[in-house]
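**Q** The primary structure of each chain is shown beneath.
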Amino acid sequence: MNSRTLESSNPFSKGFMPKTLNELADHVGGTVLGDGKVVISGIAGIDEAREGEITFLSNPRYAKKIRETRASALIAAQEGEGFNRPVLLCKNPYLAYARIVRLFHEETHPTPGIDERAIIGKGTKIGKDCTISPFVFIGENTEIGDRVIIYPFVFIGNEVKIGDDALIHASSSIRERCIIGKRVIVHCGAVIGSDGFGFARDGKSYYKIPQVGIVQIDDDVEVGANVAIDRAALGRTWIKRGVKIDNLVHIAHNVVVGEDTVLVAQVGVSGSTEIGNNVSLAGQVGVIGHLRIGDNAMVGAKSGVAADVGAGKVVSGIPAYDHRDWLKTSMTLPKVSEMRKQLHRLLKEVEELKSKVKSGSKK
Amino acid sequence: MNSRTLESSNPFSKGFMPKTLNELADHVGGTVLGDGKVVISGIAGIDEAREGEITFLSNPRYAKKIRETRASALIAAQEGEGFNRPVLLCKNPYLAYARIVRLFHEETHPTPGIDERAIIGKGTKIGKDCTISPFVFIGENTEIGDRVIIYPFVFIGNEVKIGDDALIHASSSIRERCIIGKRVIVHCGAVIGSDGFGFARDGKSYYKIPQVGIVQIDDDVEVGANVAIDRAALGRTWIKRGVKIDNLVHIAHNVVVGEDTVLVAQVGVSGSTEIGNNVSLAGQVGVIGHLRIGDNAMVGAKSGVAADVGAGKVVSGIPAYDHRDWLKTSMTLPKVSEMRKQLHRLLKEVEELKSKVKSGSKK
Amino acid sequence: MNSRTLESSNPFSKGFMPKTLNELADHVGGTVLGDGKVVISGIAGIDEAREGEITFLSNPRYAKKIRETRASALIAAQEGEGFNRPVLLCKNPYLAYARIVRLFHEETHPTPGIDERAIIGKGTKIGKDCTISPFVFIGENTEIGDRVIIYPFVFIGNEVKIGDDALIHASSSIRERCIIGKRVIVHCGAVIGSDGFGFARDGKSYYKIPQVGIVQIDDDVEVGANVAIDRAALGRTWIKRGVKIDNLVHIAHNVVVGEDTVLVAQVGVSGSTEIGNNVSLAGQVGVIGHLRIGDNAMVGAKSGVAADVGAGKVVSGIPAYDHRDWLKTSMTLPKVSEMRKQLHRLLKEVEELKSKVKSGSKK
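Order-wise, the sequence lines are chains A, B and C. So for the first sequence, our numbering puts the first residue at 1; every next one is plus one. So for the second sequence, our numbering puts the first residue at 1; every next one is plus one. So for the third sequence, our numbering puts the first residue at 1; every next one is plus one.
These are calculated hints, taken from the structure and not from any lab test. Mixed in with the good hints there might be a few duds.
Put simply, identical chains are the same to the list, so a pair is met inside one copy or across any two.
[To be verified] PhoX-like mimics (lysine-lysine), calculated; alpha carbons at most 20 Å apart, straight line:
#1 K348 to K358
#2 K328 to K313
#3 K91 to K161
#4 K348 to K122
#5 K19 to K37
#6 K182 to K128
This one's a predicted model, so the numbers in the text were calculated from it and none came from an experiment.
Using the sequences plus the hints, can you model the full thing?
**A** Given below as structure tokens:
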């Protein structure tokens, strides 16, 4: 078995240099249970893994699959029943898995250089070792840091700032004066700095309120595909360090999103709402405007947040309230029609009882 | 009346060669009731149709409009009251309508050819009679089948495969290594192969899990405008033959969507969920991760699926449960506040009754 | 303090020429309370405003901030407690604010001209003083009005019409034969004229119904980022004068949206639904197909409209019903689990009472 053979064992990913399990354990800071000399030449899901590959068990619901996998080794948090092959033990198997994937699958991007078919405006400065693809448009007086990679069909307006090592995928747009931090990843089709949705009533019609603020995105943020983040009316819409934004999320003008907060796909946040650090908004959540969501709060999928949420609170529902109460309500909802019938029967029976007791006491 | 005149009768669509009703019946496999020699030179909705055009009745709620339409003929499943003009009878009038529209309105696309202002990477192979528009970017070692049409501003990464007769609309992106089947239609702004949303906690922050899998889209799939389909973490996100995806849908990494399944606009499907064949998810439905939805299941609009759904089941609600129970609950919900008041009154009355009965029995 | 210094006081917006408060009052048609000669050189939110800037109070919940703001003047509807600085009084402070912002922040767009790196098809006519950016693709026989601004990566198909003073942002797509009115603004990534989602069952699979109609957008409409508006099956999808569409909204084929109606972010409207004038659909609302929503109706955030809504009605919920009833239901929902327990206790107690009363009456 050579690396060439191994490469073809997984048609979906690029080949890599094999490592021993001991080497992998060193890389992720774990320990080996069993034969550390086994050669690992790939990583795959528990169903798809083949001989020579390592797999992982981060979710206990897949434990029974351990016996069946063809993988040659396993990443796990602790020894378990039926582990009949070498194990890489580590505290956080999901993180170890991520590091091993990155070890094997180096990202490939176009060779650095500024393609002559890109358009770069007057006064714009491009840092070292950037990749500016053909069909890129960059406006005037913009500053691009070092090692920034910009894919085709990206529009960058005037006076934008983009930090070092940012990665801007195809067909995304970053409008004038927006600020993008270091190592920010912007996925295809994302729009940063579109006009906030602001109109003043002027008789029957609307008068457009100029949206003259910006979007500021701090370091290590990821912005999903076809996301839309509106520029502020005045001031800034602010996405702080480490925020992760999934696909098709809408963030309105003047919203603030705190550090390491996660916005899952199709979330919508209305204007001027402030979201704390380490908050999690699950898929399709909506938040109305001018609210505050405290640090570490969690909002369940599809919920509608219509009032402030305290730090550490877990809420669900439309409108959202305490998640445990919501769970109880959810289990009861399929019964409310039956409840109504029972209630109506009771109303009648109690009336009957009242008249009986009344007539009884009269006797 | 000549075809030139007819052409101008509908400013919204292109002209076509007139046909007799008999010819149309032959084309769709139907029969004619009445004068089969009437000349039909267009097709339009029941309100908009003019003399010389054919219209259709697929929805019984519009039956009363039959008398008023100015159309010269009618497509219908069976003869009906008030049909005072020739009828093209066929089992599936909606399908017949679709075929007649296609007969009259041939799609127009740019003339085949590879525009010199397109960029095509090293090692990339383009099939016969393709249309590669100006401002198209195709990466390296990619394979494009025959008669593929690619509109401007389309980004196609390295090592992508696109099947014969695919139609890729403007500003869509297909990232590296993804596989697109034959006759697939990708609408404007769709993103195929964006990174899945995967992060491992690493202390306070997140560590990005490389998303090294692909998206595989099989034959005859349609992908709506501004859709986002994430590539797999490992392995593939898989959209099987005949799936129809409406606008602004989100499909997360490692999701599998079965054959002929329909995902209506703004649906979101979380990671690793497997959806069977002929499933229908109505508009704005959300599905959490790692679930299975069986063949022929249906999920009502705006529902949130939080548990497996068996084959053939119809569910609605957040979280989703049996659709008929949900309907009953829906009718009851506007009454729950009143129910609560009745319940509180009953609680008091029953307490009173209890004490009366107790005191009564003591006497 | 000179205009240069002032410019730097707000890093997020462009500089402008200072005005006296009297001049601003003349501009917006208001009156001055206090010193009208104070020089105003900027406008900012109540928290961010600095000396020399004007701020505004449109929402009473921020009234207590009036004492703390560093702004040199205030826009307000009426005199209020704690106003210790000059005030620009006007009936509609939000509109006055909008006008003052526009006064100070003139929009900057590229200099008019047709860039030679744009592609313009045969028979296409471009009006006076248009800005056609590099990397723009315009098809054949299209008509572009005067002073239209088209940003890079915009795709415009054949036989499109675009009215005077339209503003088309980067990476948006306007497909063949669509009609765009005067002063329409299309934000980045918006798709106008994608195929409607129509398929006829043909045995197990689907047959695509050609979507040969158009989208017609009338004057003064704004279309948000990454919006998708489908072309009609036959006829037109019609967005009437003054409609404002927020980001990531989906509008299906043959929908009609009435004048001055507002569709907030992530709304979805299904096929053939007709929405009246001055309607408001709040964020993430979904509307099923073939409905009518009357003039001036309002639909609460996240609601699902499943039946016609009368003119002037306010509805919420999934499915939507009277908003006041929905509010009552919403306050009751967290209690339904407790209600069920109370109900079950009552059922038992009433049974006991019944038997006691029965046996009591037997004695």
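**Q** Hint by hint, note whether the structure agrees.
**A** Here is what the structure says about each hint:
| no. | hint | in the structure |
| --- | --- | --- |
| 1 | K348 to K358 | both (15 Å within a copy, 16 Å between copies) |
| 2 | K328 to K313 | within (17 Å within a copy, 24 Å between copies) |
| 3 | K91 to K161 | neither (39 Å within a copy, 40 Å between copies) |
| 4 | K348 to K122 | neither (83 Å within a copy, 80 Å between copies) |
| 5 | K19 to K37 | within (9 Å within a copy, 77 Å between copies) |
| 6 | K182 to K128 | within (14 Å within a copy, 42 Å between copies) |
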